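Participant: These are the residues of each chain, in order.
2 protein chains.
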Amino acid sequence: MKKNKINIAIVGLGNIGSYLYKYLNKNKNYLTKKTNMIPNIVFVSAKNKSKKRKFSIPKKKWLKNYLDATKKKNIDIIVELIGGADGPAKNLVFSALRNKINVVTANKALIAKYGDKLAKIAEKNKVSLEFEAAVCGGVPIVKSLKEGLVANSINKIYGIFNGTSNFILTSMDKQNLEFRDALKKAQSLGYAEKNPISDLNGDDVASKLKILTALSFNSYINNKDISVEGINKVDRTDINNANLLGYKIKLLGVSHLEHKKVTQRVNPYLIKKSSYIAKIDGVLNAVIIEGNPVGETVIQGEGAGPQATTSALVSDIVSIIKGKVRPPFMISANKRKKIQFENIDNKKFSAYLRIDVKDKHGVLSNITKTLAKNKVSIKRLIQNPFKSKKNSSIVIITHEVKDVLLIKSINQLSKKDYLIQKPKLIRIEKI
Amino acid sequence: MKKNKINIAIVGLGNIGSYLYKYLNKNKNYLTKKTNMIPNIVFVSAKNKSKKRKFSIPKKKWLKNYLDATKKKNIDIIVELIGGADGPAKNLVFSALRNKINVVTANKALIAKYGDKLAKIAEKNKVSLEFEAAVCGGVPIVKSLKEGLVANSINKIYGIFNGTSNFILTSMDKQNLEFRDALKKAQSLGYAEKNPISDLNGDDVASKLKILTALSFNSYINNKDISVEGINKVDRTDINNANLLGYKIKLLGVSHLEHKKVTQRVNPYLIKKSSYIAKIDGVLNAVIIEGNPVGETVIQGEGAGPQATTSALVSDIVSIIKGKVRPPFMISANKRKKIQFENIDNKKFSAYLRIDVKDKHGVLSNITKTLAKNKVSIKRLIQNPFKSKKNSSIVIITHEVKDVLLIKSINQLSKKDYLIQKPKLIRIEKI
Chain A
72 MKKNKINIAI
82 VGLGNIGSYL
92 YKYLNKNKNY
102 LTKKTNMIPN
112 IVFVSAKNKS
122 KKRKFSIPKK
132 KWLKNYLDAT
142 KKKNIDIIVE
152 LIGGADGPAK
162 NLVFSALRNK
172 INVVTANKAL
182 IAKYGDKLAK
192 IAEKNKVSLE
202 FEAAVCGGVP
212 IVKSLKEGLV
222 ANSINKIYGI
232 FNGTSNFILT
242 SMDKQNLEFR
252 DALKKAQSLG
262 YAEKNPISDL
272 NGDDVASKLK
282 ILTALSFNSY
292 INNKDISVEG
302 INKVDRTDIN
312 NANLLGYKIK
322 LLGVSHLEHK
332 KVTQRVNPYL
342 IKKSSYIAKI
352 DGVLNAVIIE
362 GNPVGETVIQ
372 GEGAGPQATT
382 SALVSDIVSI
392 IKGKVRPPFM
402 ISANKRKKIQ
412 FENIDNKKFS
422 AYLRIDVKDK
432 HGVLSNITKT
442 LAKNKVSIKR
452 LIQNPFKSKK
462 NSSIVIITHE
472 VKDVLLIKSI
482 NQLSKKDYLI
492 QKPKLIRIEK
502 I
Chain B
72 MKKNKINIAI
82 VGLGNIGSYL
92 YKYLNKNKNY
102 LTKKTNMIPN
112 IVFVSAKNKS
122 KKRKFSIPKK
132 KWLKNYLDAT
142 KKKNIDIIVE
152 LIGGADGPAK
162 NLVFSALRNK
172 INVVTANKAL
182 IAKYGDKLAK
192 IAEKNKVSLE
202 FEAAVCGGVP
212 IVKSLKEGLV
222 ANSINKIYGI
232 FNGTSNFILT
242 SMDKQNLEFR
252 DALKKAQSLG
262 YAEKNPISDL
272 NGDDVASKLK
282 ILTALSFNSY
292 INNKDISVEG
302 INKVDRTDIN
312 NANLLGYKIK
322 LLGVSHLEHK
332 KVTQRVNPYL
342 IKKSSYIAKI
352 DGVLNAVIIE
362 GNPVGETVIQ
372 GEGAGPQATT
382 SALVSDIVSI
392 IKGKVRPPFM
402 ISANKRKKIQ
412 FENIDNKKFS
422 AYLRIDVKDK
432 HGVLSNITKT
442 LAKNKVSIKR
452 LIQNPFKSKK
462 NSSIVIITHE
472 VKDVLLIKSI
482 NQLSKKDYLI
492 QKPKLIRIEK
502 I
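Chains as they are written, first to last, in the working numbering: chain A, 72 to 502; chain B, 72 to 502.
Treat the hints as calculated values from the structure; they're not laboratory data.
There may be inaccurate statements among the hints.
Same chains, same label: a pair holds when it works inside one copy or across any pair of copies.
[Stated by the list, open to error] Derived pair list, reagent style BS3-like, types lysine-lysine, alpha-carbon separation capped at 27 Å:
1. K131 x K74
2. K122 x K331
3. K227 x K97
4. K344 x K501
5. K171 x K393
6. K331 x K450
7. K97 x K332
8. K479 x K429
9. K191 x K461
10. K393 x K197
11. K395 x K406
12. K409 x K188
13. K131 x K245
14. K131 x K171
15. K184 x K450
16. K344 x K431
17. K256 x K144
18. K74 x K446
19. K395 x K144
20. K130 x K143
21. K350 x K245
22. K104 x K409
23. K188 x K104
None of the values given here were measured: they were computed from a predicted structure.
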């Protein structure tokens, strides 16, 4: 008899797991028609079994221990929705793949940290490890890189990969909110978690970027050579200054192949108002791929939330049902490239500097001297006196100069006794 | 011995076929690494064998007759690049599938006309028929609908699907060119063919829209219920009027599921300047998908040209190499839905009317009376005297009213003796 059911275990029943559970039950017929297989949730597991849920789960479906999912003979796919790079999520996914069970996960931290190791096990055991939901939720970027754009040699992939940060920056800009008020608003709307630290410090984008880099350049994941900053030091003054200068501030992830070396960077950037990416507002995500022969491709959509993530999870479940088993990163582990990476020290940027100082004689000349010593030349300088008039904010747009010299300048300026706070450096991305 | 070559025949060696031929030869190693199969062009065929080409093709690769490709035992994939819904392209693809050979095609007219029949044969014979390149070139929309967005129930898919028309409209708008000059410019840049009729009369978009409709709504292709108009009646005055009113004119393809019925339409539309799609300029294509649960997804990229099309063709070749055979429209022919379609007669639009008239007494009152009789009420009216001052152009924005009544009004107005030319009707799409 031909098998006509696909048995699924969902481990982790937070917002996303719950939505997926309900979706799979509700859309059984639809998915059966599309795949010729009945999606069948056989087991679930969650930290808090007794938590009140708005839907009921038959008792027999509950696993005693989440790791039991990897020992049952009749499970075809485990959907890991625990989260976190280590701990239970790691245990679950490693033992599932070792026990030859297919895995679908939304866990970007896990894939960024252990993706290469996991891929090796999956390939050896001829099972699938799919992670569309780990990168930009509803934006089908992983599949597009592995399939739709497979013909292309990619030289740059970049974009807005974190809806929380983008929502906060948009609110600060459009509603003229302070950072903390924009964050509160995001939390009240469910766009930011109670503990939003990994969204705000750039770590979330960094995980996604590392995965996209490996997929784009057929390389291994590189956790070492990456510059990571979040939006937590951007304030309303920076946003207003940017506006006056014709820019928006966006948190970008950028992976770029130049001179046979890849740089990975996650930073807030000033980008021209007129650029496409400057207009991506709110919780949207957008990924831009520059490939040869295809040219520039843009994919834009909702980056997070139970709905968008479920769309991605289900696309992975369907591709396991309908496809041959393929290497998780498209190319077999042993054929992926040992490509060279480098940090951004020697990359040249034009930058925005904001130096808030006490109004003392000779301050400006000392600043410009410090910059000149580091070969940082000034393209534009605006001195804004504070309302109190005892202090000033000096805004500088520099010419292009090596990043290491920008950093050195900032560090030297930081020590000056006329400084009110650490100077700001926001690089300008030419797009 | 395990097979390690995939044998490909390319039939049709125009711009696209030639580019593909060179691409496959140049990227043999790259593709072998990605697929574990060597892409091997075994045969080619073209109408004009003796034409001077900038690259040489070994004599033994030339087929005597293009249909021989379907009779050779050692061909795994035929790439059809002849074009046209009937004639040689049709013969080739039908007999290839009947002879159990996989087909990859960029032929939108063929798939729109015979896609359902071809899909049945492909499924029966367990071979693949892939057509990513037929719809919006480098925009991986077919695969995204079949795979990345498979979880979603789609209620609307629309966008800019014709780069030639979009380039012309953009040039008329930005460089203030007349239609014929913009067309000449497009032709000189290679963005329009010598005979650009199917690009300009909407047929090209219609073919793509029919295919996207079938994929989005899991239905059969419907060639009957579709409203098709091109940009060939839009002139610079319309574009300037639209600008003054806060709109851009774009040729859109729209497929929309409302009240369990699907409408398909291809028309120039006025859309708000501030909308995303109004900013898609030049030869770019963009597809917007409204799905549940994913929300709105946008995919944007180069819609035509040898490079973008080759990217799509190769993605299809790779998916045949790496995937299981799947139904061409994702769902088996016998399970696709007999969904209801309806024409746009009863759909309500607000519209732009332009009525160029001789300056005679009572003209305006006659126009408004004619409109009122047809229940078309006026939201905004501007009367622009011609420079000669003997004639006027009356621009009207109507309130929402059934399409059939707009058409009726235009037809009645057309007969008036004070008319200088047939009145213009351009619908407004609320986006």
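Participant: Hint by hint, say whether it matches the structure.
Facilitator: Structure-based check of each hint:
{"no.": "1", "hint": "K131 x K74", "in the structure": "within (22 Å within a copy, 47 Å between copies)"}
{"no.": "2", "hint": "K122 x K331", "in the structure": "neither (52 Å within a copy, 38 Å between copies)"}
{"no.": "3", "hint": "K227 x K97", "in the structure": "between (40 Å within a copy, 21 Å between copies)"}
{"no.": "4", "hint": "K344 x K501", "in the structure": "both (11 Å within a copy, 25 Å between copies)"}
{"no.": "5", "hint": "K171 x K393", "in the structure": "both (18 Å within a copy, 20 Å between copies)"}
{"no.": "6", "hint": "K331 x K450", "in the structure": "neither (30 Å within a copy, 60 Å between copies)"}
{"no.": "7", "hint": "K97 x K332", "in the structure": "between (48 Å within a copy, 22 Å between copies)"}
{"no.": "8", "hint": "K479 x K429", "in the structure": "within (21 Å within a copy, 74 Å between copies)"}
{"no.": "9", "hint": "K191 x K461", "in the structure": "neither (62 Å within a copy, 80 Å between copies)"}
{"no.": "10", "hint": "K393 x K197", "in the structure": "both (15 Å within a copy, 14 Å between copies)"}
{"no.": "11", "hint": "K395 x K406", "in the structure": "both (19 Å within a copy, 23 Å between copies)"}
{"no.": "12", "hint": "K409 x K188", "in the structure": "within (15 Å within a copy, 47 Å between copies)"}
{"no.": "13", "hint": "K131 x K245", "in the structure": "neither (51 Å within a copy, 66 Å between copies)"}
{"no.": "14", "hint": "K131 x K171", "in the structure": "within (24 Å within a copy, 47 Å between copies)"}
{"no.": "15", "hint": "K184 x K450", "in the structure": "neither (41 Å within a copy, 59 Å between copies)"}
{"no.": "16", "hint": "K344 x K431", "in the structure": "neither (35 Å within a copy, 49 Å between copies)"}
{"no.": "17", "hint": "K256 x K144", "in the structure": "neither (46 Å within a copy, 65 Å between copies)"}
{"no.": "18", "hint": "K74 x K446", "in the structure": "neither (69 Å within a copy, 60 Å between copies)"}
{"no.": "19", "hint": "K395 x K144", "in the structure": "both (21 Å within a copy, 25 Å between copies)"}
{"no.": "20", "hint": "K130 x K143", "in the structure": "within (17 Å within a copy, 59 Å between copies)"}
{"no.": "21", "hint": "K350 x K245", "in the structure": "both (12 Å within a copy, 20 Å between copies)"}
{"no.": "22", "hint": "K104 x K409", "in the structure": "between (42 Å within a copy, 14 Å between copies)"}
{"no.": "23", "hint": "K188 x K104", "in the structure": "between (35 Å within a copy, 20 Å between copies)"}
Of the numbered hints given earlier, the model fails hints 2, 6, 9, 13, 15, 16, 17, 18; all others are met.
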